[in-house]
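Participant: Based on the sequences and whatever the hints tell you, model everything.
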Amino acid sequence: MAATESKKSVTRLGDRIFSRTATFAGASILLTLAAVAFFLFLQAWPALLPDADFGGKADDGPLAYVAPFVFGTLYGSVIALAIATPLAVGIALYISHYAPRRFSQALGYVVDLLAAIPSVVYGLWGILVLAPFLTPSYQWLNENLGWIPFFEGQVSATGRTMLTVAIVLSIMILPIMAALIREVFLQTPKLHEEAALALGATRWEMIRMAVLPFGRPGIISAMMLGLGRALGETMAVAMVLSPASVISFALLTSQNPNTIAANIALQFPESGGDYRSMLVGTGLMLFLITMAINMVARYIISRRAEFSGAN
Amino acid sequence: MSAVTSSLQASASLPRWYNPAALLGSFSLALASMTLSGFEDEAGNLNLAAVIVIGYLLYMAITFVVSRAVEGRRKSVDRMVTGLVTAAFTLAVIPLLSLTYTVVSNGLARLDATFFSNSMRNIVGEGGGALHAIVGTLELTGIATLISVPIGIMTAIYLVEYGRGRLAKLVTFFVDVMTGIPSIVAGLFAFTLFLVVLGPANAINGLAGAVSLSVLMVPVVIRATEEMLKIVPNELREASYALGVPKWLTIIKVVIPTALAGIATGVIIAIARVIGETAPLLLAAGFTASMNYNPLSDKMMTLPVFVFTSFANQGVDTQAYIDRSWAGALTLMIIVMVLNLIARIISRVFSPRG
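Heads up: the protein sequence lines correspond to chains A and B, in order. First residue of the first sequence: 1, per the working numbering; consecutive thereafter. First residue of the second sequence: 1, per the working numbering; consecutive thereafter.
No wet-lab data here; the hints were simulated from the structure. Source: prediction; values computed, not measured. Be a bit skeptical, because a hint or two may be false.
Said to hold, decoys possible - Label-pair restraints from in silico Cβ distances:
| id | chain 1 | residue 1 | chain 2 | residue 2 | range |
| --- | --- | --- | --- | --- | --- |
| 1 | B | R348 | A | A292 | 36 to 42 Å |
| 2 | B | T35 | A | A64 | 54 to 60 Å |
| 3 | A | Q187 | B | A50 | 37 to 43 Å |
| 4 | A | L63 | B | L91 | 38 to 44 Å |
| 5 | B | G125 | A | S302 | 51 to 57 Å |
| 6 | A | R16 | B | E235 | 22 to 28 Å |
| 7 | B | L108 | A | G200 | 54 to 60 Å |
| 8 | A | G14 | B | R348 | 33 to 39 Å |
As the list claims (entries may be wrong) - Stretches of chain A that chain B covers, calculated by requiring three or more beta carbons in the stretch to come under 8 Å of a beta carbon on chain B:
| id | segment |
| --- | --- |
| 9 | 28 to 41 |
| 10 | 91 to 100 |
| 11 | 110 to 119 |
| 12 | 202 to 215 |
| 13 | 220 to 231 |
| 14 | 264 to 272 |
To be verified - If we take Cβ atoms under 7 Å as the criterion, some of the chain A residues that face chain B in the derived model are:
| id | residue |
| --- | --- |
| 15 | R12 |
| 16 | G14 |
| 17 | D15 |
| 18 | A22 |
| 19 | A25 |
| 20 | L174 |
| 21 | T234 |
| 22 | G283 |
| 23 | L286 |
| 24 | R298 |
Beta carbons: idealized from backbone N, C-alpha and C, even for Gly.
Facilitator: Written as structure tokens, this is what we have:
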């Protein structure tokens, strides 16, 4: 090495430029994330000042304004997650352990197609197809199970309810969750599976004893990634939900708490001044919430990756 | 472990034809009972969803009872789980089919020559088209690709070829985190950035939209390129070094060409990902009814935003606006599917064969 070192200094100017450029590109990722936080904060700042004027749209101050949206964002996403998680585990199991080997790759591709559909198309489908389709079931739920707080109240005639939104969201986060869980399930040590089967376990017992314990961290991180997706999803919510500025657990009414992202999309184009600053501020909150969730999820995944060689 | 010994004793199992027979039986029973009980809607149509749900529940109940009697508890539970897992997969495919069907059947109505040759300028009611939106989408996605591909590929090169130590770990971690940025936040970022740089009058323009798309696109390009660079065999690099080729030329002339097909696939998938983004463009690029070829000034329409605004701001002739919205959605779906198809073809044709 030492002998070539002296010659390099002349010939490898290109090397130095190239490696600097590459390093700079890498650092630009960190810079971009910092810039996102910085510029959003810069614009959101005026809304936090005491003399901010929201043009009558948020007379009770920023906190009272943002509370229903934070609630709606979390509520809708958590329900979507509750629907999507068992389905995603089922799909992942079907593709990894139940479907015929020859088809499993093609079936995975079919599920991935769900991820390729633009969210605005989901919104259109949600409001014009899914919502009318679900309305009779909502009426049935309300009449027969109305004593449960989730199903109480006046049923929306249009189906543009929190439950419809949660169902659309769950369909949208299914592919990424199923893909991730499937990958983890496929990594289950073959020896564990074969040992379970050799002891006379049925397929389900083998899955319960070998696959699920091995895949649990994967399921948890998939849930967090799915949650992150659902929190930030904008257009489907903006189009499907019939919003109101309330905090309510009722799932079937037309008075639903809106989500942060959908509220920004609906209000931003016609906003200005301090009110626009406040919308940017809600965006900053959304950014920080999803960043935190994604960081935890990625931390769990990366920690698992270090141990994945240990059979 | 007593369960295991008991299963050895009870080794009886249902015949192979049981499953298809039970499925056929339950669904025809469900169909028959629904028809006979006159459980039809106002139009006299059978409620297909109800038939499927009842048929499925019937199948599960019958199988549970029969299997438990013949095969014992453990095998009946196994059959139940098989039924549940298969149902989960089927349930996920139904929205895909329904979505494809509705978008195609509703979108065809307005998928005509006018749609691809006219803008919405001075259009009230019927007629008009999405040419301005298609041009905008192509320009913005093109600019976003021009911004993200160099940054993405260089970052991937940094991570695979140079990255050691803390910075590389940080970058890897935050690239993953960056894939989870909500798209609306990317739009807000681009808007606030241009607001500071250009002032409130010119903040909303095509370039701002392209910047917001790049924020979403860069991490996808990095991930795809990184995966591809990692599988380039080290022997190739070492052979190149042994010939005295400097590292940067090795990367440009040996590593990148080897991984090119994979990188191209990744870039196309990234384009397909962002071409349907609505929320960031709604904020950063705005919407308009007129043609605008210049991404540096004035608002610019894009196809996803066209779908949204046609639906959200329905004018006098409601149906005309909804039809245009569906036609836009269909166009968008076709573009996304074609891009995905191209990506798959490239990766299949150029994939290294052993």
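Participant: Hint by hint, say whether it matches the structure.
Facilitator: Against the structure, the hints:
1. For R348 of chain B and A292 of chain A, the hinted distance range of 36 to 42 Å is satisfied, since their beta carbons lie about 40 Å from each other.
2. At roughly 55 Å, the beta-carbon separation of T35 of chain B and A64 of chain A lies within the given 54 to 60 Å, and the hint holds.
3. The supplied range of 37 to 43 Å is met by Q187 of chain A and A50 of chain B, whose beta-carbon atoms lie about 40 Å from each other.
4. Restraint check, L63 of chain A to L91 of chain B: a C-beta distance of roughly 40 Å satisfies the suggested window 38 to 44 Å.
5. The supplied range of 51 to 57 Å is met by G125 of chain B and S302 of chain A, whose beta-carbon atoms lie about 56 Å from each other.
6. As the Cβ distance of R16 of chain A to E235 of chain B is approximately 26 Å, the hint placing it in 22 to 28 Å holds.
7. Taken as a hint, the range 54 to 60 Å holds for the pair L108 of chain B and G200 of chain A, whose Cβ atoms sit roughly 56 Å apart.
8. The beta-carbon spacing between G14 of chain A and R348 of chain B, approximately 35 Å, falls within the hinted interval of 33 to 39 Å.
9. Coverage of the segment 28 to 41 of chain A by chain B holds. Counting CB-CB distances below 8 Å, 9 residues qualify, and the rule asks for three or more.
10. As drawn, the segment 91 to 100 of chain A meets chain B at 6 residues by the rule of a beta-carbon pair under 8 Å; at three or more, the given contact holds.
11. Given as covered by chain B, the segment 110 to 119 of chain A passes the check, having 8 residues with a CB less than 8 Å from a CB of that chain where 3 are the minimum.
12. Against chain B, the segment 202 to 215 of chain A contributes 5 residues with a C-beta closer than 8 Å to a partner C-beta. That satisfies the three-residue criterion, and the hint holds.
13. Only residues whose C-beta sits within less than 8 Å of a C-beta in chain B count toward coverage, and the segment 220 to 231 of chain A has 4 of them, enough to reach three; the restraint holds.
14. Residues of the segment 264 to 272 of chain A lying with their CB closer than 8 Å to a CB of chain B number 4, which satisfies the three-residue condition for coverage.
15. With a least beta-carbon distance of about 5 Å to chain B, the hint placing R12 of chain A at the interface is held under the 7 Å criterion.
16. Annotation: interface hint on G14 of chain A holds; nearest CB of chain B at approximately 5 Å, less than 7 Å.
17. Hint status for D15 of chain A: holds, given a least beta-carbon distance of 5 Å to chain B, under 7 Å.
18. A distance limit of 7 Å between C-beta atoms decides the matter here; for A22 of chain A the minimum to chain B is near 4 Å, and the interface restraint holds.
19. A distance limit of 7 Å between C-beta atoms decides the matter here; for A25 of chain A the minimum to chain B is near 3 Å, and the interface restraint holds.
20. A cut of 7 Å between beta carbons decides the hint on L174 of chain A: the least distance to chain B is about 6 Å, and the hint holds.
21. Interface hint status for T234 of chain A: upheld, as the beta-carbon distance to the closest one in chain B is roughly 4 Å, under 7 Å.
22. For G283 of chain A, the interface hint holds, since its Cβ comes within 7 Å of a Cβ in chain B; the closest pair sits about 4 Å apart.
23. At a threshold of 7 Å, the smallest CB-CB gap from L286 of chain A to chain B is about 6 Å, leaving the interface hint in force.
24. A least Cβ separation of about 5 Å between R298 of chain A and chain B falls short of the 7 Å threshold, and the interface hint therefore holds.
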